[in-house]
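Peer 1: Chain S is already provided as a structure; the job is to place chain R on it using the hints.
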Amino acid sequence: MDYSTWSRRVVDLAAALARLEAEAEAAGHPAPAAGWRANLYQKLVPQASDAPYLIVAVAGGANMGKSTVFNHLVGFPASRVHHNAAETKHPVALLPRGFTDRHDLAKVFPGFALQPWTSEDDAVAEGHPDGLVWREDPSGAQPPNLVLLDTPDVDAALPNNWKLAESITHAADVVIALLTQQKYNDEKIRRFFRIAAESDKGVLAVVNMIDWPEDRDHCRGWLETFRKGTGVEPLHAYAVPRDRAAAREGRLNFHPLTPGATDPRADLADLHFGDIKVRSLRGALRQALDPDEGIPAYLRDLESRADDNRRARAVIHQKVQVKIDLPRPPAHIVGDEIWRWLEPRRTWFDRKVHGAYGALGRAVSKWLPGSVEPAEDEARFLAEEKTQLSRALETIYNDLEAVHRVGAPSLRQELQPLIAGDQRRRAFEELQRRLDAAPLATESYRRVIAKRLESFEAEHPKMMRAIEWGLVATAIARPALTIGMFGAADIASGPLFQAGGHAIGQVFFDVAAGSALTAGGEGAFARLSGPARALIGDLFAAFYRERAELLAQVVDDCVVGRHLDRIERLADLGESPDFQSAYRLAAELSRELAALDEEADVAAAARGG
Amino acid sequence: MAERFTKADWEREHLLAGFDRLHDRLLAWARSAPAWPPFDEARGLVGRLDARLRVPEIDLDRALVVGFLGGSGTGKSTLFNALLGRKVSRAGKEFRPMTRRAVVACHPDVDPAFLGLGDGELEIHRLNIPLLEQMILIDCPDPDTQDPEDGQGGERHLDILRAVLPHCDVMVHTVTSQKYKSHVVGQELRRNAPGRQILFVQTHADVDHDNRPDLRRYLDALGLRVPEIFRLDGADALAKQDRGEPVDAEFAKFRDLLEHELASRARHRIRRANLLGLYGWLLGAIRGPIDSGLESVAKLEEATARERARLAARIAAKMSERIDSNRRLWRSRVLRQLNQTWGAGPLAALIGTWSAAGSLIRSMILLRARTPTQAILAGGWTAVSLVGEKWRESRAAAALTAEADLGLTEGDLAHARTVLQGYLNEARVHPAAGDDGGDFSAEQLATVAVEVYRRLDAEINEVVERRVARRAGRATHWAFEIAFALLPAWLVLHMAKNFFYDHMIQGRPLLGLDFALQAAFWCILWGAAVGGLLLHRLNRGLHQDLKAVVERLAHAPLLDALCRDASEACAAVRAHAEALASVERDLADLERRVGGVLDLGLGALRSEAPAGRAASMEVPPHAGLASSS
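Residue numbers (our numbering), protein chains in the order written: chain S, 1 to 609; chain R, 1 to 629.
If you're looking for bench data, these hints aren't it; they were derived computationally from the structure. Remember, it's a predicted structure, so these values are computed and weren't measured experimentally. Take the hints with a grain of salt, since some may be wrong.
[Unchecked claim] Under the rule of at most 27 Å between Cα atoms (straight-line distance), these lysine-lysine pairs were calculated in the DSSO-like manner:
hint: 1; chain 1: S; residue 1: 89; chain 2: S; residue 2: 228
hint: 2; chain 1: R; residue 1: 318; chain 2: S; residue 2: 386
hint: 3; chain 1: S; residue 1: 163; chain 2: S; residue 2: 228
hint: 4; chain 1: R; residue 1: 240; chain 2: R; residue 2: 87
hint: 5; chain 1: R; residue 1: 318; chain 2: R; residue 2: 547
hint: 6; chain 1: R; residue 1: 93; chain 2: S; residue 2: 188
hint: 7; chain 1: S; residue 1: 163; chain 2: S; residue 2: 89
hint: 8; chain 1: S; residue 1: 277; chain 2: S; residue 2: 228
hint: 9; chain 1: R; residue 1: 93; chain 2: S; residue 2: 228
Excised from the complex, chain S in its bound form (with noise of 0.2 Å):
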């Protein structure tokens, strides 16, 4: 494999797979800590496009001398050794000479709060959960490329002491394993062991604590076990004897275990470091794309996610509607707006006596029976409409609680804030906020009229006269609206039109035009032709439209609107091309190591013949 072909994917993959878990993250499915995440972005994204280095980690549980064996290492008191357990709090990093110079540390420790070493006890002091100290080697002696790292326990009850330590562990290459007797078959260490194994890390195992020589026997029967119970295969393994005053002094005494073994120091500066470094970014990059645990992983998971919500929007859209029987209208709201456009246009003697019949008229009217003042009029309408949308409303919560209750989990969890008892409260006086602010003849409704009449004065001269004549009766059209979450399949089957441009929530409006005339056939009305019929009937399912609009906008941003948007964003997200990128490219790296790992096979398989 090509290195910087390969280095230039996993770097895409990453970026890919970040800008991904931010989407997946503000659409309320936030990523799990796992550790491919650790191998992406601790190891595999720092180490593969810079110049080669080596990190060497001293790991294990809580109070085995982990702080003792890396002031050993480093040849100097740079971590504070504490005699109660779970002290150090922040792993601390001892850079080779210069490493500064040629590396960005805050790209070689991604996710870390970098604090310069002052004393020995930065590391067991509280601060930064994800603080790490760092310091680079008085000394000189340690070998360049060479990074030394002392982490937290894993065991004991901080669990943010696990975090960082298995974080930074991700990113070493070697890692040099504390046993005890008491602890070495721990299911807590040996898990941990296990998983630095599966990803190909080297290991330099340390029992320490033991009494020598009494013990010697018994530690080869403990490496055994630890051997067996991790998969751990180490490369050298030492005993050290319980010496208190020794380790004071930093001064402890390995006792090699295996052929080959000297001392620690000796044997990491002797480590072939290409070869470990390619094998742990090759086996970070095997564990990351794990297919179980590792990226493939979430990314399926992110997937059914976005399924679960794509079914949830089918249902919603299948379920969710109501059918609002629009009151009629108040009589005068079209003729006024028809008086007011016409003003401007007529002389001072056709005004006279059209004031004065309009005044007899109004006058006449008041006394027949059954005829309402215009102020009353609107309040019926307002308050009838009103009616009806607290019904709509009422029915629209029934309608998202049986959803609720049928639903997948997800979907359940997104539509439970959205049917609480406060969420309702505030969307019925969101509900009454709107409709009291919004005026019956809007500005656009106005604008839709006048545009109206334009053109057909312009057709019919002559007709404008009998619409004049014609108003003093009025049509009364009764349509009903149907408010609905509509999928797309059904955008096709009527007169739709989006509200406020969302996605959802959208309206159903059948009053067809001209059919809008279903009770105009009292008055002068009636013996209008055909052309003045259809244009009352069309100013009329204009106002109904406006006021359509107007309600299924207060519906959608008082009960649903951006609350589904969730449901919305998560639903798109397994189609969005970050998704897709990660896909394919975790796709063609896991090919690729396959074929490496066959061809390894093959080449092992080869040597052993």
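Peer 2: This is chain R only, laid out in the frame that chain S set:
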């Protein structure tokens, strides 16, 4: 028998009766709980723990069961052996885990079958030594080497541990410098702490640093009470016993505590304290979800009250509007009342005529009255009850009438219903719909409306009666009658003088017909003035009084019938939650009588659990303590 029944026995029986009562009350409480998820949870919990809670033989002379809990390699087996003074359980560092079965050391007379473990999981050693006369020691496997997934090739020593621990009265928790903060062990300790006492021991004293102060902080954070931590070396103690040398003071103290203090003297106290601890833990575990559930019930109640108040305000506004627009109607009612109260008298007769004419008009108005409020204001309940009768006949139609009249629309009801439903779901309260159609239904509103009208009529009646009684009593009646009679009386006098004196004696002409006409005219005018004054006096402030009636009615408990189902469900939940407090009081009472075991140096779960609700809700493993009899 009877003469052997000593005071101590009497007290013991009394205490046992207290335990029985506590158990019965808790059981009754759990059984009679209304349907509400936290109560269901509580019922489940009580059911699961019932076997451990119902311990009639609490005082039975069973030996004290002491179990060892600690990480692998912390010296459980070594301490076990050291206590027994001989190598019974295999201890050492050759491999981990060392102890893979529960090792039981007991007296030959004791049958450890109650542990309910198979032979493969149990290793029994019967030793006839004084230590075991009152005590069973169980060396348990460790909780920290078994992988929950792989189980070390089929070995489930963690399961064995979890099967044994529930039978223990006392746990000995062993730690070392390396393992005292082990997360896995800590969780296991916390899980098994309810209902038992704990002895804390830091072992490996010869080689390890003393970590007891830090250990104490850690255990405290786990929610445990830590009076004392022993620090000793089991291996050293055993070696010294083998060599026949005296053991260390700390070990001797520990063994003495176990053997003499706990096993013989304090055994009964420990058992009782364990049982009370278990009750305390259980009540705490029940209490948590109930308290958090009650918060949403409170929200529901608040929402109910708010919706009700909103509707009431609408009703009040509507009624007050009606009162404003129907002044004539209620004035005529005052008039009628006045008429009834006064009876005879010239002014009364005049007002009677007036009222008679008025009632003709009123009956016409009544015919025109379109709404019950108008009808009430005009004519009283008789008319309304007719209308009400009609309502009952067809509720749906009635509802519409009532709504329109109460100033509420179906939309307002839908609003209230929807909001209420949201809060009901949150509080997880699901009241059964009553026979009136459910909360905020049109039917329920109609029922309420009928009631409101009945009350409104009664109240208005009262206002009118009170007014008439106070402002037009007997004295006022006479004053007005006299005032009214003054002019006619003087006219009669004048006419008498004219006839008898001026005409008969002086021979002057009689007053003419025009005088009589004029006199009649002035009389009527006078009567109108006096009557007007009277009515003004009566009607002044009536308006405010009626408004006050409306105001009062709007806040009357009358409207509580709206949303009755939810309110009743909430009240039932609350009442039952409060009933739990009395069980808690019983427990506190028993605890006072039993007394603590703190003086023995035993640790246990603190009664208040700061470790959080999630931790406290973990059910301790089920165990049949009762089966140990």
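Peer 1: Give a verdict on every hint.
Peer 2: Going through the hints against the structure:
Of the supplied pair hints, the one linking residue 89 (chain S) and residue 228 (chain S) is violated, its CA atoms being roughly 30 Å apart against a limit of 27 Å. Proximity of residue 318 (chain R) to residue 386 (chain S) is assessed by CA-CA distance (about 18 Å); at most 27 Å being required, the pair is judged to hold. For the hint pairing residue 163 (chain S) with residue 228 (chain S), the CA-to-CA distance comes to about 25 Å; that is within 27 Å, so the pair holds. For the proposed pair residue 240 (chain R) and residue 87 (chain R), the alpha carbon gap of about 13 Å is at most 27 Å, so the pair holds.
Restraint check for residue 318 (chain R) and residue 547 (chain R): satisfied, since their Cα atoms lie roughly 11 Å apart, inside the 27 Å limit. Pair hint residue 93 (chain R) plus residue 188 (chain S) holds up; C-alpha atoms about 19 Å apart against a cutoff of 27 Å. For a cut-off of 27 Å, the pair hint linking residue 163 (chain S) to residue 89 (chain S) stands: about 11 Å separates their Cα positions. For the hint pairing residue 277 (chain S) with residue 228 (chain S), the CA-to-CA distance comes to about 24 Å; that is within 27 Å, so the pair holds.
The suggested pairing of residue 93 (chain R) with residue 228 (chain S) holds, with an alpha-carbon distance near 18 Å, which does not exceed 27 Å.
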